[in-house]
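Asker: Those protein sequences? They're chains A and B, same order as listed. Position one of the first sequence corresponds to residue 13 (my numbering), numbered consecutively onward. Position one of the second sequence corresponds to residue 13 (my numbering), numbered consecutively onward.
Fair warning: there could be bad hints in the mix.
If chains are identical, the list can't say which one is meant, so a pair holds when it fits in one copy or spans any two.
[Unchecked claim] Calculated cross-link-like contacts (lysine-lysine; reagent style DSS-like; alpha-carbon spacing at most 30 angstroms):
#, residue 1, residue 2
1, Lys-49, Lys-72
2, Lys-123, Lys-159
3, Lys-49, Lys-159
4, Lys-123, Lys-225
5, Lys-123, Lys-335
6, Lys-150, Lys-225
7, Lys-150, Lys-34
8, Lys-335, Lys-225
9, Lys-335, Lys-150
For the record, the hints were derived by calculation from the structure and aren't laboratory data.
Number of protein chains: 2
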Amino acid sequence: MSLDPVLSRIDADLEAAMDRLKELLRIPSISTDPAYKDACETAADWLVADLASIGVEASKRATPGHPMVIGHVDGTGPHLLFYGHYDVQPVDPLELWDRDPFDPEVQETPKGKVIRARGASDDKGQLMTFVEACRAWKAEHGTLPCKITFFFEGEEESGSPSLVPFMRENADELRSDLALICDTGLFDSRVPAITTMLRGLLGEEITITGPSKDLHSGMYGGAAMNPIRVLSRIIAQLHDEQGRITVPGFYDGVPELSSDLRAQWDGLNFDHSAFLGDVGLSDPAGEAGRTALEMLWSRPTCEVNGINGGYTGDGFKTVLPSKASAKISFRLVGQQDPHAIRDSFRKMVTDMLPPDCEVSFTGQGASRAGAFDTSGPAFEAARKALSDEWPDPAAYIGCGGSIPIAGHFQELLGTTPLLIGFGKDDDQIHSPNEKYDVESFHKGIRSWARVLDALS
Amino acid sequence: MSLDPVLSRIDADLEAAMDRLKELLRIPSISTDPAYKDACETAADWLVADLASIGVEASKRATPGHPMVIGHVDGTGPHLLFYGHYDVQPVDPLELWDRDPFDPEVQETPKGKVIRARGASDDKGQLMTFVEACRAWKAEHGTLPCKITFFFEGEEESGSPSLVPFMRENADELRSDLALICDTGLFDSRVPAITTMLRGLLGEEITITGPSKDLHSGMYGGAAMNPIRVLSRIIAQLHDEQGRITVPGFYDGVPELSSDLRAQWDGLNFDHSAFLGDVGLSDPAGEAGRTALEMLWSRPTCEVNGINGGYTGDGFKTVLPSKASAKISFRLVGQQDPHAIRDSFRKMVTDMLPPDCEVSFTGQGASRAGAFDTSGPAFEAARKALSDEWPDPAAYIGCGGSIPIAGHFQELLGTTPLLIGFGKDDDQIHSPNEKYDVESFHKGIRSWARVLDALS
Chain A
13 MSLDPVLSRI DADLEAAMDR LKELLRIPSI STDPAYKDAC ETAADWLVAD
63 LASIGVEASK RATPGHPMVI GHVDGTGPHL LFYGHYDVQP VDPLELWDRD
113 PFDPEVQETP KGKVIRARGA SDDKGQLMTF VEACRAWKAE HGTLPCKITF
163 FFEGEEESGS PSLVPFMREN ADELRSDLAL ICDTGLFDSR VPAITTMLRG
213 LLGEEITITG PSKDLHSGMY GGAAMNPIRV LSRIIAQLHD EQGRITVPGF
263 YDGVPELSSD LRAQWDGLNF DHSAFLGDVG LSDPAGEAGR TALEMLWSRP
313 TCEVNGINGG YTGDGFKTVL PSKASAKISF RLVGQQDPHA IRDSFRKMVT
363 DMLPPDCEVS FTGQGASRAG AFDTSGPAFE AARKALSDEW PDPAAYIGCG
413 GSIPIAGHFQ ELLGTTPLLI GFGKDDDQIH SPNEKYDVES FHKGIRSWAR
463 VLDALS
Chain B
13 MSLDPVLSRI DADLEAAMDR LKELLRIPSI STDPAYKDAC ETAADWLVAD
63 LASIGVEASK RATPGHPMVI GHVDGTGPHL LFYGHYDVQP VDPLELWDRD
113 PFDPEVQETP KGKVIRARGA SDDKGQLMTF VEACRAWKAE HGTLPCKITF
163 FFEGEEESGS PSLVPFMREN ADELRSDLAL ICDTGLFDSR VPAITTMLRG
213 LLGEEITITG PSKDLHSGMY GGAAMNPIRV LSRIIAQLHD EQGRITVPGF
263 YDGVPELSSD LRAQWDGLNF DHSAFLGDVG LSDPAGEAGR TALEMLWSRP
313 TCEVNGINGG YTGDGFKTVL PSKASAKISF RLVGQQDPHA IRDSFRKMVT
363 DMLPPDCEVS FTGQGASRAG AFDTSGPAFE AARKALSDEW PDPAAYIGCG
413 GSIPIAGHFQ ELLGTTPLLI GFGKDDDQIH SPNEKYDVES FHKGIRSWAR
463 VLDALS
């Protein structure tokens, strides 16, 4: 089966493909917020119907949370599994969006055309690059060059509570020769990438309770313990003056970069100033003596993702609150053990409590870092296919984010994951005004068409 | 004119007085939230009508913010001004209320009957004690024993921005022999009190900005400055290990307690354990080596009243936020200068900023502490009148809260303020489930009837 007519058909069909993506983007499938439960069901139904339209035997599969979408279609070559997620991040602060996050629009920008909407890049746009590549193969040749299992999740942005049980229960159905995951980015707009190192993620929500109820700070201020002050003191002590994380044992299992990988990364000529300058910053803020690329790809971190306590509305209220809470996440690398770090963190925080304070913890997912063996033939075949599509050759890179599914494919199914994606650093995923470049979408579809051809 | 029939009439009219108070409590006059602007107007209209019903020439007077209510009524004795405020605190967190905060209800509790609603104690219930005392005098004798000016404010809970300009413009109309203020508490349920020391208040809202937009913590975490961490570090450093406030020059003008006053306060046998135990605490948390009563009445404080940044909804969002903010208030004593402290605080915070961070400040009121000369005859007359009504003799006490109006009467009008109130420590003002004891209301009305008699 010839690749060229498939690529031509993709070019001709681009407008229709964008219309399909916009349909999916209109569904507000925010998985972390129970108010959007029905929208998650609707997004799953939409995917089932769209897969069916290209001849895939697809179904929605219930879980205790949001449903999975599974699809199977025969083909002539090896058996590939394709993973993406149809759920999206919350949209607040809504007032910082220039338009309704769920009313997608193609916009002209100085850097080219973009599709603007929540989920455009993370992960609906990426997910659809693969579906559209299959659609073009099928339309052109009546069949696909590989046997494919589609596996779409609806809880990726909320800790994937149903994922592991589902994979365990359906391991035979999901096992395949190679797992393709489309939830990562380009190295830059000329250099496509296969991500071979991923950080793990540990989330902890902590709530400090002082007085048994909110008090008037005039009446009790000074004499009563203020949980915001306690929480601030704990957060302030999570890093030392060198930017290192103070949780005991935190750096156990953190490897130094090999000289090979360091040389390869140095060769990428990563523009640290532009990376930070794009978001209004100039100085890397993390560990002293590390480059930004190291911090992002190979060093562990601890960040506070949210903090809340007392009166936060307009104006002033002289309350001394009963509670204050923070959402804290750790990015993990190498052999760091998320469960050991959770225990150590909880003990450290508990030990820091002054009299009359209590703390409660809510764990929010715990995944190890991943590193993938690139020696199999599929990696080099895929790298060549990507290099054929983009201006510069594809690179093997690390990724600051966490994609727990990659580890699960390895551990639960024995299937090697291959992470290819077309997002850009300025896509504003998890932020207001998220977008996906039309070029990412278009060349992404073409890239998958080439990868399918290369792996067949 | 005889006092006894006035007291009898107050007893007989109690149910009707409570119905009137409940009408006022149903108006959600939250002054700090622009959404309740109309409700503030409605509360002012209600007061004008109620004053008119007892023969007071009353009117609503516009300001750039919420209106003032002014009323005049002639009488035979000295000219008294009575001050109260009709605005109330916000009600959040609403989910911690056992019922609608603006649907007042009289409830039986183990400690006696209470009126439950936002503003029941602070300050609508207190304000109405005086109005009801006047109503009873007028009903019984057809006139009042003193000439009275009523002065009700609608911005006390939001920094009183219009108060000083209004007092300056209307000084001749407001000047009187003595200013009665009903916004303070009993010493305990047997001991009424005249408050002669008040702390000042300085409010500052600070907002730290790091990246120019919200970022994905997986992509930027570690390398980009997190404003929640910066803010936490600032808050953690506002107090030293001894609980002293670290703002340079903060303790300038803070006096040590005189031995006289210390002896008088020791004589009150304040129950520190019960005071803290009522709110689930056991250890005084403030400055080392100070009693709780000192901390509350005569020592300055710094408290964080609210903190907010990043994602604070349900679930988790791995955002690295652009901004984080906190509302911080200082209680001031003695000769502390709020403007000098504001400048010093802002310089200290600015000096603590790491690279790539900015801070903005919003000032929220700045009032000095007050201490009132009790040597005039009105103080002893009022003290005797209160002692006649309550089981134990009245005390001169300090107050942890701030009532800027008291200082304004002295400075702008040359009128001595006399602070009498009937609130209790467990009234939960500024908190969910605010209440006012029916006993406070009933004996409060009777107390004012006696004070009017004593001052006439």
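Asker: So, for every hint listed, does it hold in this structure?
Answerer: Against the structure, the hints:
For the identical chains of this complex, Lys-49 and Lys-72 are intra-copy neighbours only, at 14 angstroms inside a copy versus 50 angstroms across copies, given an alpha-carbon limit of 30 angstroms. Taking CA atoms no more than 30 angstroms apart as the test, Lys-123 paired with Lys-159 passes in neither setting, with 37 angstroms inside one copy and 75 angstroms between copies. In this assembly of identical chains, the alpha carbons of Lys-49 and Lys-159 never lie at most 30 angstroms apart, being 32 angstroms within a copy and 65 angstroms across copies at closest. Within a single copy, Lys-123 and Lys-225 get their C-alpha atoms only as close as 52 angstroms, which misses the 30 angstroms cut-off; across copies the closest is 18 angstroms, which meets it.
Proximity of Lys-123 and Lys-335 under a CA criterion of 30 angstroms is satisfied inter-copy only: 27 angstroms between copies versus 46 angstroms inside one chain copy. Taking identical chains as interchangeable, the C-alpha atoms of Lys-150 and Lys-225 are never at most 30 angstroms apart, the minima being 63 angstroms within one chain and 42 angstroms between chains. Taking identical chains as interchangeable, the C-alpha atoms of Lys-150 and Lys-34 lie at most 30 angstroms apart only when both belong to the same chain, with a minimum of 22 angstroms there against 73 angstroms between chains. When the C-alpha separation of Lys-335 and Lys-225 is checked against a cutoff of 30 angstroms, the pair qualifies both within a copy, at 8 angstroms, and between copies, at 28 angstroms.
Taking the shortest Cα distances, Lys-335 and Lys-150 never come within 30 angstroms of each other, neither inside one copy (57 angstroms) nor across copies (48 angstroms).
Checked against the numbered hints given earlier, this structure breaks hints 2, 3, 6 and 9; the rest are met.
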